[in-house]
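**Q** Take a look at the letters that make up each chain.
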Amino acid sequence: MDTLQLVTVLAHFLAFIIYMELIGFVLYKNPKALLNRLCALALVPFAIWSFGDTLFQGAPSPGSAMLWNNISSLGWCTFPITIFWFYLAFTRHEKLLKNRFFITICILLATFFIYQQWSGYFIIDCIKQPYGWSTAWAISVQSFIFSVYYFLFSIACIYLAFDFGRKTRSLREKKQARIFYITPIIALALGSMSDVVFPMLGISSFPPIAIIFILIWAGGLVYSITRYGLMTFTPTAVAEEILSTMADSLMLVGLDGKLISTNKMTCSMLGYTEDELKGMDFSSIADEIEISEIIKRGNVLSRELSYRTRRGEKVPVLFSASAVRDKEGEMVGIVITALDITERKKMEQELRESEEKYRALVDNALVGIGIHQDGKIVYANEALASMFGYSLEEGIGASIADMIHPDERDFVMKMAQRRQAGFDVPTTYEIQLLKKDGSSFHALISNALIKYNGRPATLITVADITDTKVRKELEQVNKELEAFSYSVSHDLRAPLRSIDGFSQALLEDYEDKLDEQGKDYLRRVRAATQRMSQLIDDLLNLSRISRTEIHYEEVNLTAIAKAIAAELQKTQPERQVEFVIGENIVARGDLHLLSIVLDNLLRNAWKFTSKHPHARIEFGTIQQDGRLVYYVRDNGAGFDMNYANKLFTPFQRLHKSTEFEGTGIGLATVQRIIHRHGGSVWAEGEVEKGATFYFTLQS
Amino acid sequence: MEEKIILLVEDNPDDVELTLRAFKKCNIANEVVVARDGVEALDYLFGTGAYAGRDLSVMPAVVLLDLKLPRIDGLEVLRRLRADERTRCLPVVVLTSSNEDQDVVNSYQLGANSYIRKPVDFVQFIDAARQLGIYWLLLNEAPPKGRR
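Protein chains in written order, with my numbering: chain A, 1 to 699; chain B, 1001 to 1148.
Excised from the complex, chain B in its bound form (with noise of 0.2 Å):
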């Protein structure tokens, strides 16, 4: 079985950081592929700008992205990914700061598959990270390649 792929979108090092280390407590161990901003998610799922030549038949398991970002935002992300028939089936999770109403249902609405809402107490935060590892790295079975 081949490697699982995380695409952690994160602009904040700190909660790059601190997410990875949550990762490592509840022993994920799997790849995290880290970008800053939205541009950069975008140019590694579609093999465009730094990630040109990108061999795009490896896709991440699941996408855990934020919403307040640098020039791209995370909602415009998941519109494009949405958008796209390579990217269209790409689990999406929102892990983000707020639970205001609107992100939750516009996240909703353009096709995320969950949103999640960043505990302020890490303990919690670690839980929330295993539970995310458990059900979109083992329970979860991904989308067929090559298809829509």
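If we strip away everything but chain A, and leave its shape as in the complex, we get (with noise of 0.2 Å):
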């Protein structure tokens, strides 16, 4: 056997060596895989391949040489199948695999070629080279059938694993499948040539190494399983896949304490590279617990505790851990997992500052703050139950109907509902507010509505304001003039009646000592002291008006009405006034001040009708955008409506005082009284055609 012979026996047995390998890396890569052992599988017929032309290459006699080679048949005529097996299973086409009948056929075309080779109807003969020995191959319909059948199933392989790589979305499939088709490509370019097409062209001089080229084939699958290390979905792949990309730190802790393995996410969170963590001690990493209470426990369950980092810091997780055991139930090892909180810890100081500084701004408010929901109190502030005299153990599910001033619950009340139905009703305003001993205050009350327990509440902001600055500095205003007005009641009206008494006595005792144009300047001092007197009166009792407190009642304004017409008719009895009184007239307010209106503005329409033959006067209502409004109307001397403004100025009067006698006070006061009922009012008229005076009260 010469050296060219050698190296061509050699290079296939070192090929075949190379094919056992691989079958044992593949199957303990994983040995229950499918594709694993299809891999296998389809490495054999390479191997017997192998195998057979070492021994083919260094056969002494064309005899043994022949026999070899259809040892090697056994491979070659059926690769082509098991590898088209393989390129199934792995573009998942594992159905087919499972159809017998395709396998059936299969085998029986491997047999069948196999049966072909060793009747002598593929190569007939075998000639010895200097580099070992070629084939001769029959130019017959048998060798034909063979090569299609060869193609065929090489080319569906090559397809099968290009559209796979065409179709799939997984890049790692995508380059595995890639290799899955260049390599055979050149692999069967190459082996073709060699043992095929060479051989049939007559051409002896290169030696049929197909089987060393299709080592690149094999190579490349290798390189792919390897490379892209998982061949198939198993548990164990999808395991260490998820440990690597998993958010948590996973370690493998021994009984001893030491680190086993770690994951990626580990070596991140510690700064540590996965090797240094390797054996390192879990008590340099967690001095919060220790290894021996986990293996006494069992498992340790959601714990917050702080790992070290290389560099020294804390980082905050949330730690669970369990214990490992074999299948006779004896523990191995520990399973720990991590999941860094440093962002979460940070959220949750930040949301606990906040509400602490909440928390602290409600608690030390000064005003009351509180939330109430069908009516009742569901959250109060200190400041809150204080003010109206409960415990805030009380203050929490008392009523809010029970808060209000009685004179104003109904009210507050209905706005209250009218809020929550979506109205636009006043957010502040001010109220009397009850305390739990019954004693009222003043308030002025905010609300606002919110979501509280996922349904409407209100939130209220209450601030009590019977001792306010400007409430006080208005009660000591009220005081000075309540004072000045009883010192003006007293005072002033003193020296007027010294000055229209003796200047009566003077027209009386000295009657005869004056003339005519005397008694009259002692006439109009008189008249003067009591128009003066007059003024002084109204004054007073505006002023009083302001500061009289308002008590809210159920008024029959229809009854009031009545009995002042009935009054008026009686100071002029011969006079034809037609008065229409509407029936049924209520209103909700002060019944003396509301008398001092209808008697003002009745009064006004008696005197401005005076000159009028068919006078009429007229009390009633209407309904305007929704108020309730009364008016006083009727067909006297009425205004010029230029002056319309001025009619409820103070002392601002229209007419002359020839024509009609009056201070000017009287719709000064009716204003000051509508305005404290937080109504308004207003005026239309024509001169000589009448006046209509409208107000309404409180909305």
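Accuracy of the hints is not assured; some may be wrong.
Claimed, not checked - Distance ranges between label pairs, derived from CB positions:
#1 B:Glu1017 x A:Arg575: 38 to 44 Å
#2 A:Glu482 x B:Ile1134: 34 to 40 Å
#3 A:Arg616 x B:Ile1134: 41 to 47 Å
#4 A:Met413 x B:Asp1014: 57 to 63 Å
#5 B:Asp1084 x A:Gly389: 52 to 58 Å
#6 B:Ile1134 x A:Ser487: 46 to 52 Å
Don't read these hints as lab results, they were simulated from the structure.
Note that the coordinates shown come from a computational prediction; the quantities given were computed from them, not determined experimentally.
In this text, a Cβ means the ideal position worked out from N, Cα and C, and glycines have one as well.
Dock the two chains into a complex; use the hints.
**A** In structure tokens form, the structure reads like this:
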């Protein structure tokens, strides 16, 4: 055997060894996976082929060369089938592999071609060459069919891989598929040349080393396996994938407390490399929990503790650990997972600080803050509770109706209902509230609709304004005003009495000494004092209206108007005046003050119709813009609308006092009373055609 | 029938003059004792100070009491009269300038028998004086002496 032949033999033997290695490797990787098994199966014919060819190339005689060639054929007649099976499985066509008919056909095909070779229809001769042996192929139908078979299956494999690579979305599978169709193209092209085309063309100077070229293919498959790792979707493979990509740190710790294995997250969390971590003591990472404790308890669930990083920093983690046992139930190690909760901790801290800030704000607020829902207080701060004289516990659950002054209860509750129903009602207003002991206080209240426990509620802020500076000042001013009025009432009138009294005395006692002009002067003096006296009285009345407290009640305006009408008629029985007074007119307000309003308006109407023979005075109500408007109408002197805005100014008169007497205080008084009732008053009129005075009360 | 005395408690001399004139105009000739302030009024009624030793069996038929007075004001005089057994039943008519609610209410609460606001119009004042005289000096039956 010369050197060249030895090289050929060794090359084939080496190929055989490599094929055997690959079979072992693939099965070692995952002996249970279908794909790995099929890969191994696909490599078996190559191994047989390379083994046969080793001995074929080293054969001493044509007879033994033919024999080993026939052994080789067991491989090269079978491999298109087995490799096709592998490609089917890789490209997810494993269903076909479960079809017994298909498998039987495949096996029969391979057997058929082996039989053909063994019957001498393919290789008809072995020719001694310097490198070993070459073969001579029969130009026959059988060898042509074999070529077709061999090409069809090879091309089917390449097509399957190509098509799969095109369709799959996985980048890994795309790369694998590419290797799976490029390597066979190269290997088959070269192998077909050396083993089929050249011999068929009678070229024998090149050795038939297809099996060596096919190493490229086999190598490609193995490279794909090692480079891209997983050949198939198995629990183990999935687990590895998850462990490396999971956001939790994962460690396998031995019973001795030493780290056995860690995932990527652990490394990036702690700043160590995987190798540095291996063998490290768990206690140097976490000192708040002992491995012995975990071993004793079997598992630890969701405990918050901190890990120490390489740089000595602390990382807060949510820690879980559980013991791993073997089939016999014996503990073999511990699996530890830990989630980095730095961000969560930070957010919790921020939330807590924000919560504390607002709680402090509410707790220390000078105003009362509370929430009511379904008519009950569901939350109150200290200020609110103490404002009402409740303890914090008593305050919760208190009925809000009980906290409002009875005079204002219905009105406020109605307003609250309307607010809840989505109507636009005032959110901030003054209110009289009731303490637990029944005493009342003035407050400013602000309302805002909120959600509380998922349902609509009202957030209230309440300021007790009884003792506010402004109110105190107002009270002071009121007191001073009262003292002033009192003084005016007594002292301003006394001199008037003297002037009038002594003027009258002069007129009586010195009548004979005064001429007519002198008497006239004295009469003017007396008239002026009367007028002055009336002015003082009116002024005092006006200021009294501002000072008196309003007592709300239901007032029958019809009855009052009728009484005033009767009284007016009595003062001047000779006048023919038609009074038209609406029935059942009621209002909520102060009986005394509303009587003054009607008295002034009806008296005015009476006065200004005095020059009209067919006087008619009306009192009634109309609806305007959804509110009730009261009116007093007459057909008397009327007024020029240009001066309508002056009507309600104190001492402002639109008529000469010689025409109609009066001090000009009446309508100012009316306006003041109406304003104090939260209403408004206005007038319409035309000279000599009458006037109408409209007013509203608290809306 | 003994003379019925009127005690006029009034600090303003004009008002005293006008009141006396009014009485004269309507022919009330009864003796009018004038006290210029509250202290004087109390001295008279209780026989103290300038009136020490006065015969207290003689009491006015009516006291016309102004409210705004120097030293002791009208309401205080009224309070003391009502607090003393000797004068508890003495008819007191408040005759004053104001008709402030507080004055009227306080006067009645302290036991005033009547409250009259002095009209500015002197003609009306004379009319008021006449009715006052008729009522308190003629119609009204004084409480029995020496009894409560």
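**Q** Each hint: holds or not?
**A** Taking the hints in turn, this is what the structure says about them:
1. A hinted range of 38 to 44 Å holds for the C-beta pair glutamate 1017 of chain B and arginine 575 of chain A, which are about 41 Å apart.
2. Checked against the hint of 34 to 40 Å, the pair glutamate 482 of chain A and isoleucine 1134 of chain B passes, with Cβ atoms roughly 36 Å apart.
3. In this structure, arginine 616 of chain A and isoleucine 1134 of chain B meet the distance hint of 41 to 47 Å, their C-beta atoms being roughly 44 Å apart.
4. The beta-carbon spacing between methionine 413 of chain A and aspartate 1014 of chain B, approximately 59 Å, falls within the hinted interval of 57 to 63 Å.
5. For the pair aspartate 1084 of chain B and glycine 389 of chain A, the supplied restraint of 52 to 58 Å is violated, since their beta-carbon distance comes to about 44 Å.
6. For isoleucine 1134 of chain B paired with serine 487 of chain A, a C-beta distance near 33 Å fails the hint of 46 to 52 Å.
The structure fails hints 5 and 6 (numbered hints given earlier, in ascending order).
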